[in-house]
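Asks: Take a look at the letters that make up each chain.
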Amino acid sequence: MKTQNNRAWLFVLPVLLLVAFNALIPIMTVVNYSVQETFGNNQFFWQGLDWFQQLLRSDRFHAALGRQFLFTGMILAIEVPLGIIIALSMPKKGIWVPVCLVLMALPMLIPWNVVGAMWNIFTLPDIGLLGYFMNHTLGISYDMTQNPIAAWMTVITMDVWHWTSLVVLLCYAGLVSIPDAYYQAARIDGASAWKVFRYIQLPKMKTVLTIAVLLRFMDSFNIYTEPFVLTGGGPGNSTTLLSIDLVKIALGQFDLGPAAAMSLIYFAITLLVSWLFYTLMTRDDNR
Amino acid sequence: MAKITLSQLRHSYLPNPASPDDYALKQIDHTWQDGGAYALLGPSGCGKSTLLNIISGLLEPSEGQILFDDQDVTHLPPDKRNIAQVFQFPVIYDTMSVYDNLAFPLRNRGRAEDVVRQRVTEIAEMLDVTAMLETRASHLSPDNKQKISMGRGLVRNDVNVVMFDEPLTVIDPHLKWKLRSKLKELHHRVKATMIYVTHDQTEALTFADQVVVMDLGVIVQIGTPVELFERPAHTFVGHFIGSPGMNVLPAELDNGGARFAGVPIPLEGPITGSGQRIEIGIRPEFVSLGSGGVTGRVRKVSDLGRHNVVEAMVGDTRISAIVDGPVPEQGAEVGLTFRQDQTRLYADGWLATEARP
Chain F
1 MKTQNNRAWL FVLPVLLLVA FNALIPIMTV VNYSVQETFG NNQFFWQGLD
51 WFQQLLRSDR FHAALGRQFL FTGMILAIEV PLGIIIALSM PKKGIWVPVC
101 LVLMALPMLI PWNVVGAMWN IFTLPDIGLL GYFMNHTLGI SYDMTQNPIA
151 AWMTVITMDV WHWTSLVVLL CYAGLVSIPD AYYQAARIDG ASAWKVFRYI
201 QLPKMKTVLT IAVLLRFMDS FNIYTEPFVL TGGGPGNSTT LLSIDLVKIA
251 LGQFDLGPAA AMSLIYFAIT LLVSWLFYTL MTRDDNR
Chain S
1001 MAKITLSQLR HSYLPNPASP DDYALKQIDH TWQDGGAYAL LGPSGCGKST
1051 LLNIISGLLE PSEGQILFDD QDVTHLPPDK RNIAQVFQFP VIYDTMSVYD
1101 NLAFPLRNRG RAEDVVRQRV TEIAEMLDVT AMLETRASHL SPDNKQKISM
1151 GRGLVRNDVN VVMFDEPLTV IDPHLKWKLR SKLKELHHRV KATMIYVTHD
1201 QTEALTFADQ VVVMDLGVIV QIGTPVELFE RPAHTFVGHF IGSPGMNVLP
1251 AELDNGGARF AGVPIPLEGP ITGSGQRIEI GIRPEFVSLG SGGVTGRVRK
1301 VSDLGRHNVV EAMVGDTRIS AIVDGPVPEQ GAEVGLTFRQ DQTRLYADGW
1351 LATEARP
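Each protein sequence line maps, in turn, to chains F and S. Anchor point for the first sequence: position 145 equals 145 in this note's numbering, and the numbering is continuous, going up by one each time. Take any residue in the second sequence, count from 1 to its spot, add 1000: that is its number in this note's numbering.
Looking at chain S on its own, in the form it has when it is part of the complex (with noise of 0.2 Å):
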């Protein structure tokens, strides 16, 4: 158990970097706090996994510090700094029986065997596979044998974080609601530091207390899913979480206020940075059709079952509002509205206004 500091971490695969865009992992400066539950969320070549190996230690970051408590482990190969990983595709030594695999951890470090049954016993309890521990693991399904990797994570009680690369990618689409469930019940009971890799949000905002955000080798935010959802601190954020994201609107700056399409738009509270590119977020869920604010033309509407998803064209602007009541027909016009408590304003990317105590 450890509070793990990544400090001015910065990774290239190359040998001479030389601009940034050279490197994978551009500057992480983070603390994970001992015995949270923490997703790293983004999309395919983020960085996201590069971060991870180099918490393993399969990784060897070029330039910065990795501390596990106030220990410096950023040379320590991965056996020696106590961590445990589980891959995207199951990893279970084939020719050995569940309750081995379980038990390979253990005795690889010389544990006495009756400490290794006791732990065993209770780690195959806890992932309900206690009636297969006797049967060969190369026989048992995806699922169970993804369990079995978690399993040998688990399994040693000491371990300072345990790392998940989008370890559902192989699952069943039913049996990945029931792992995740697992996931979460396992983290409650053994109160380690958990840290789950995955582009997919429902897995990641369903898993954590803390959500890291990333994006082109930058954490982009950190927050509660709540938090993310509501505040994202960065468009990307915004586009990333939520089904369909956040309508991002190119806008203009006008006596302290903004204006999209020509229409002033009422924000969340003051303006506080500015920059080249400004922009309005909004997310579908809080744009209600009407008459009055900014007029679109219906594109298009979805029914996704529980509520209806309208795009709208301001000009060459798309919007998307979901709409629980009835839909305008296609090629309608509808008037705009924008909640104003949830209008934000963002510069260069950036969340630049302030809420309104």
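In isolation and in its complexed conformation, chain F is listed as follows (with noise of 0.2 Å):
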């Protein structure tokens, strides 16, 4: 026999509120700015689904959404690999591993913001120490304010120093949790280093790897203030991403309604590609 307790929804309950404050009531207000149209003065106007609409079909939308996905592809195609060669190259014992780890853990530390403002002024052409050195010193013409390449490569750069240790300390905890005697017994089988990395190290990184993964999508997707202080957007829209375009509607034109749509559209996507990547990466598991 089961016993119904109802006294167990009163422990449940500050968690609902806590919820419903953070997450629902906000996201709430946002589905009701997306289907009205508003001219100030607390005034709405019913408008269905027209802003949805107009957003899917607008090349604005579309080129920023490409440029998401662009940033996305390559800071995840460099960050990933990456990330797990500097993880296998660390030292599993000895002094060097908390310098390692600490040296890692750095750059995750500093303040967005501040991240950003730091490659800014670090690549500025006439005194920045990069800047300085491509410009004067190696005679390549490199100025992010001008050239959308420079611009790009720049972004990408400051995203890799910025996020790489993640993935490298994750995948340094799977693998450091490997016991020798898979090591040993790879080494009587003779299997090459390669297939040390493909059936030993690789299956026991998956699953602090998908979660390096997500975490490396979620937060890149949704990037917001480092290229927003680094390029502002720029050069022109080169480097606008989803985010800082949202902004620039919502609170540069005041769109209200058309940037509640593309709020939403973007939450889906974010949520649609995240669900999908790890139920493909867990499916295996369950087999």
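It is possible that some hints are incorrect.
No farther apart than 30 Å at their CA atoms in a straight line, the calculated lysine-lysine pairs in the DSS-like style are these [unchecked claim]: (1) F:Lys92 - S:Lys1080; (2) F:Lys248 - F:Lys93; (3) S:Lys1080 - S:Lys1184; (4) S:Lys1184 - S:Lys1003; (5) F:Lys206 - F:Lys92; (6) S:Lys1080 - F:Lys195; (7) S:Lys1080 - S:Lys1182; (8) S:Lys1191 - S:Lys1176; (9) S:Lys1080 - S:Lys1026; (10) F:Lys93 - S:Lys1026; (11) S:Lys1080 - F:Lys204; (12) S:Lys1003 - S:Lys1191; (13) F:Lys195 - F:Lys93; (14) F:Lys204 - S:Lys1176; (15) S:Lys1178 - S:Lys1191; (16) S:Lys1080 - F:Lys93; (17) S:Lys1080 - S:Lys1191; (18) S:Lys1182 - S:Lys1003.
It is worth saying that the hints were derived from the structure and are not from the lab.
Work from the hints to combine the two standalone chains into their complex.
Replies: Rendered as structure tokens:
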């Protein structure tokens, strides 16, 4: 016999309230804006799904979405392999372990807008260390306020510098949990270094790597502060990622309806991709 | 298949060993005959795993040589030695099927796929895992995983030696027994030299034809299970093998005989050695209670089901006796007599009597 105890609801209530206030209610206000038009004075006009239709057909949105996928794709393609390589080459024991760990953790501890400001100054053509070196020592023209390619390279490099550590630390945690016997058995079985990686290290890192990719996907897909401080979305619109564009529409043009519709679509895409990725990665385990 | 010779082997984990205590292995000279089933038995920290890792090549000895037949392999890496090793915790390649796991050592050595298929099928049949060949290895139970680890060791038919490093530690008790008999059966079928490391005497005695007992980095005795039980060469072996272990009683020499607690004790034969510390060794199986002999007081009686173990105190010395019949009360005074042909003298721990022919 199961006994019903309604007092349990009492314990769930605080969480419900918390989630309601920090997630459900804000999202519902966004939903509210997305289907209406307003001209201020707290006057609203019903708009239906017009904003969504408009947005999905808009070239500006397509361009920003394309840039966003390009950015996320590129940083994942660099940070994941690079993170694995660094984790593999880090010492497993000895006095260098804490040194490496602290060095790795440092970039992640710096506030995001500081990272943007640092890289901005670092790459200034006439006074920045990197900018001066490229332009005046190497003689390569490099100015991210003028050249879209330079701007993209800088944004990508900055993100790689800031966040590869996360992948490294997660992979490293996975690697050190592999017992020595696995490596010894592989040596006796005559496995090559590649096979050790493919059949021992990679499978043991799979769970943490899934988490790492998921975190990096979500963070980079929603990235705002660093590129905003670094390039402000420029030159032109060349580094205007989704969130930068969203803020331009919402706070620059004060188009609350279209901005709300864009927020919801943005959110849906992030959620969908994360869910797809996680489901695909964990499907194997239950087979 | 090969005869393995260890010659003047010493190993220390310290960079500059000075005293003998710095050595995990003090001095090992031993030959493992081709096709033998050996057990390496000893308490934790006695150096048995070190010795195993030296034979497999995972560790290079500080001094000495290892020969496979007549070839010096001391400095060869594990994959060049053609050996197999099964570890304490099952090592399997999670993402592969059972079939691919078993085929892995052969494929790494570039064997043709039809040879691989034939060997894997054969080994799978021996291990009773044919039905799971297509399943993913990560879904197996621990005992089946350990079977697959063993299978990977046995799949190459040219291995010099298969080594087992406490392979049954993580296996459930009722499956331990099954796997142990399986191993014994496998040894008969594949005829490879096998070395089985364990601290469990039952495992060692059931598996091996020859048991090598180690303590503190030296080999204390090598013998068949019966020899180890009946004539321990060292008091350590007496203690370590048998349950309860051999009684070791402080004694003194007196006119070519030995006395314990003032009572002359008849020994199995003439005394052949002497030393600082003289002890009498007698197994509890050969101590009988009655009147006469040494007088002791019963301290504890434990009922082990099949028989009783009576613990009696003679002064400060405890003597255990295995008794089949009725047992005395706790606190009662009993006379303890030792069967003469099983009573031995130890000098400084080493056997110092000879059996009468």
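Asks: All hints are to be evaluated individually against the structure, with a verdict given for each.
Replies: Tested hints:
1. F:Lys92 - S:Lys1080: Holds, at about 26 Å.
2. F:Lys248 - F:Lys93: violated, 49 Å
3. S:Lys1080 - S:Lys1184: holds, 27 Å
4. S:Lys1184 - S:Lys1003: holds, 20 Å
5. F:Lys206 - F:Lys92: OK: Lys206 of chain F and Lys92 of chain F at ~19 Å, within 30 Å.
6. S:Lys1080 - F:Lys195: This hinted pair holds, its Cα atoms lying about 17 Å apart.
7. S:Lys1080 - S:Lys1182: holds, 28 Å
8. S:Lys1191 - S:Lys1176: Distance ~22 Å between Lys1191 of chain S and Lys1176 of chain S Cα, so the pair holds.
9. S:Lys1080 - S:Lys1026: holds, 26 Å
10. F:Lys93 - S:Lys1026: Holds. Lys93 of chain F to Lys1026 of chain S sits at ~28 Å (cutoff 30 Å).
11. S:Lys1080 - F:Lys204: Given pair Lys1080 of chain S, Lys204 of chain F holds - Cα atoms ~27 Å apart, limit 30 Å.
12. S:Lys1003 - S:Lys1191: holds, 13 Å
13. F:Lys195 - F:Lys93: holds, 23 Å
14. F:Lys204 - S:Lys1176: Holds - the C-alpha atoms of Lys1176 of chain S and Lys204 of chain F are around 28 Å apart, at most 30 Å.
15. S:Lys1178 - S:Lys1191: holds, 20 Å
16. S:Lys1080 - F:Lys93: holds, 27 Å
17. S:Lys1080 - S:Lys1191: Since the Cα atoms of Lys1080 of chain S and Lys1191 of chain S sit roughly 21 Å apart, the hinted pair holds (cutoff 30 Å).
18. S:Lys1182 - S:Lys1003: holds, 24 Å
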